[in-house]
Amino acid sequence: VTLDQAKVVVAGLPKSGKTTFLAALWETVSSRYISTSLQLKSLKGDYEYLNAIRDAWADCNEVSRTPIAAERVVTMVLEDPQSHRILELHLPDPSGESFKNQWVDRTAPAAYKDFVEVASGVAVFLHPLYVEDGTLIKDAQAALVGIERPVSAIQGSDEATVPFDLSRVATQVILVELLQFIAQLRPHDNPPRVAVIVSAWDLVPVGERAAPSEWLRKNLPLLEQYLVANREAAPFKVFGVSAQGGDLKDAQNLRTFQRPTDRISVTDGQTESKDITWPVRWLI
Amino acid sequence: VSAPVNEPADAIAVAPPIDVGAAADEIELLDGKGLSPDDCTAIARSSVPKVLFFAGTANSGKTTLLSTLYMLFQRGSFCNYNFAGSATLIGFEERTHLSRVASRSVYAAVPRTRHDPEMLHLRVRPIDDRHSPTELLMCDLPGESFREAKDSGEACLRLPVIRRADHVVLLIDGEKIVDSTRRQQARNDATGLLTSLVLNGVLPSSSAVDIIFTKWDMVELCSEAQKATDFAAFLEEDLRRLFGTKVCELRFGRVAAYTVEAKYELGFGLKALFPAWAAPVERRTRPFQLRLRARYDTSIDQYALAASQTVAGK
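Just so you know, the protein sequences line up as chains A and B, in that order. Using my numbering, read the first sequence as starting at 1 and increasing by one per residue. Using my numbering, read the second sequence as starting at 285 and increasing by one per residue.
Read the hints as simulated data drawn from the structure, not as lab findings. Everything numeric in this text was worked out from a predicted model, so none of it was measured. Quick reminder that beta carbons are idealized off the backbone N, C-alpha and C, glycines included. Hints should not be assumed to be uniformly reliable.
To spell it out: a stretch of chain A is covered by chain B in this simulated footprint if at least three of its residues, at any positions, have a beta carbon under 8 Å from a beta carbon of chain B; those stretches are [to be verified]: (1) 129 to 140; (2) 170 to 181.
Lysine to aspartate or glutamate pairs mimicking DMTMM-like chemistry, simulated, CA-CA at most 25 Å apart [claimed, not checked]: (3) A:K100 to B:D412; (4) A:K218 to A:E232; (5) A:K237 to A:D275; (6) B:K547 to B:D514; (7) B:K547 to A:D275; (8) B:K547 to A:D133; (9) A:K15 to A:E62; (10) A:K218 to B:D413; (11) B:K317 to A:E97; (12) A:K237 to B:D413; (13) A:K100 to B:D413; (14) B:K555 to A:D133; (15) A:K113 to B:E459; (16) A:K113 to B:E312; (17) A:K218 to A:E208; (18) A:K100 to A:E79; (19) B:K511 to B:E459; (20) A:K218 to B:D309; (21) A:K237 to B:D412; (22) B:K317 to A:D275; (23) A:K218 to A:D262; (24) B:K317 to A:E272; (25) A:K100 to B:D315; (26) A:K100 to B:E378; (27) B:K317 to A:D165; (28) A:K113 to B:E310.
From the structure, some residues in chain B lie toward chain A, with a derived Cβ separation under 8 Å [to be verified]: (29) G360; (30) G369; (31) V544.
Let the sequences and hints guide you as you build the complete structure.
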């Protein structure tokens, strides 16, 4: 008997929700509360780590960020209950710092290249509250028209001019570059499909929550254009994912859910689901 | 790819994790900086990429114009084109830094063009997807090279990339138009360079020439705005008279690419110019060797080679 292999690249800057997603995914596949979700058949690897982050997530405690030294790939044998397809999913839990280092240092581990070369898809994570937008002085000045505030307050002074710092570039530019790196590392100009996961979707203002793709277009237009312009080679889909279910400041309320998976919400703007395996199913 | 299943359906197997960060060897990624036209390695044909050659005196606004194009795409699609990628994101970011609040700069500014010309790359694609992406390579000629090319035929012949240019974009500094003591200098700079290009046979017969009055906000908002705009109109007429029949296409534009004046939107004037720059080249004129540094083998080179093969196969 053989089974399919599926590797999904998980990419994103620090604090973009990658580990929280993985914790909620582990709970979903192993608890089997959601009949349509991917279900755990067996697991390869040390799942102590998965259990640890799942426990923190389930009790609404802060899920610790992944340091570079603790990066790993978890392997799960999963079954799709609808097609009965069984597959071995390889999913890394990378540190956001390692992606920031790719952007700054312009290098990547050879093992990352090996993984990217055969990946079925890429999950790109971003957190709506941690988007650096690279505001222009022109826009800042326009925004302050009519407000009594010295221009120097937004512009600083000559002495205070800050030299160019790669690590402070707009989030959308870095994410485009990470996707370009992935395309560069793939053989035969064959970029994989992309799921953009806007994490902490519940923190997006209600008025902007209609469709994740529209939110992306408004808030990270360079990334959205890049995805649209390359969609023939690399189809993409934008998901709004609330893996935690709410702000941890409201943890007491969140803990009232008996089934932690009931806190999860995943949307593409048309359909809403509690199945956090949906983006993974779309990628593989 | 398939692998054998050894476990019973409900078993949980344990194996060591794969440490993606443990590999000793690292691979180099695209460096993202401006491209030098002098040390390139692969062959591109005339339809791919499309080359824009920006020339103007020091401080005429070349870098501002190029960085503003990039900033416009950071806000959304522009002129019905989507941003589709760039091999020089860092090159653009370096040039836009002083325009951003994060720089804490007092005035929005751009760094001066370096002594060695660099090329910036943008890949754009029409929103309607009816055409393949256009690869734009934009050469930012330093003011010093401009002056030399205007004054010396030898220097003119040494201009990088210009023989391959699909568009030569000549910038006339609006700040000089405003100043009655420097207006004629602005006229002579423009006519001098074009004369040198045409008479030295450097300008490709298929190249369109765009002449742009930059810093147009300064022209319109100065105390003698009428005189300044009249002079710009006169200069336009004069350049048409001199070169209208000498180049394959001559266009004029008035641009205030980046100004804190609220009256002028970001990239004011560029909407009239950009579609022609981004439009696919329809006719091939001559093969051109564009040598790219080895580290770009995976981006522009591959694209250019693939495109060449596609064209050759037609």
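Hints, one by one, checked against the model:
1. 129 to 140: It holds, with 6 qualifying residues against the three required.
2. 170 to 181: holds (count 7)
3. A:K100 to B:D412: Given pair A:K100, B:D412 is violated - Cα atoms ~33 Å apart, limit 25 Å.
4. A:K218 to A:E232: holds, 22 Å
5. A:K237 to A:D275: holds, 16 Å
6. B:K547 to B:D514: Given that 25 Å is the threshold and the Cα spacing comes to 21 Å, the pair holds.
7. B:K547 to A:D275: violated, 49 Å
8. B:K547 to A:D133: holds, 23 Å
9. A:K15 to A:E62: Measuring from Cα to Cα gives roughly 12 Å; hence the hint holds.
10. A:K218 to B:D413: holds, 21 Å
11. B:K317 to A:E97: Holds, at roughly 22 Å.
12. A:K237 to B:D413: The hint holds at about 18 Å.
13. A:K100 to B:D413: Violated: A:K100 and B:D413 sit about 32 Å apart, past 25 Å.
14. B:K555 to A:D133: Cα-Cα ~24 Å, so holds.
15. A:K113 to B:E459: violated, 50 Å
16. A:K113 to B:E312: With Cα atoms ~10 Å apart, A:K113 and B:E312 stay inside 25 Å; holds.
17. A:K218 to A:E208: holds, 9 Å
18. A:K100 to A:E79: violated, 34 Å
19. B:K511 to B:E459: holds, 13 Å
20. A:K218 to B:D309: violated, 39 Å
21. A:K237 to B:D412: Holds. A:K237 to B:D412 sits at ~19 Å (cutoff 25 Å).
22. B:K317 to A:D275: violated, 42 Å
23. A:K218 to A:D262: Status violated; Cα separation ~29 Å.
24. B:K317 to A:E272: Not OK: B:K317 and A:E272 at ~42 Å, beyond 25 Å, violated.
25. A:K100 to B:D315: holds, 14 Å
26. A:K100 to B:E378: holds, 17 Å
27. B:K317 to A:D165: Since the Cα atoms of B:K317 and A:D165 sit roughly 14 Å apart, the hinted pair holds (cutoff 25 Å).
28. A:K113 to B:E310: Cα-Cα ~9 Å, so holds.
29. G360: holds, 4 Å
30. G369: B:G369 check passes; min Cβ-Cβ to chain A is 6 Å, inside 8 Å.
31. V544: holds, 5 Å
Going down the numbered hints, you'll see the structure goes against 3, 7, 13, 15, 18, 20, 22, 23 and 24, while the others check out.
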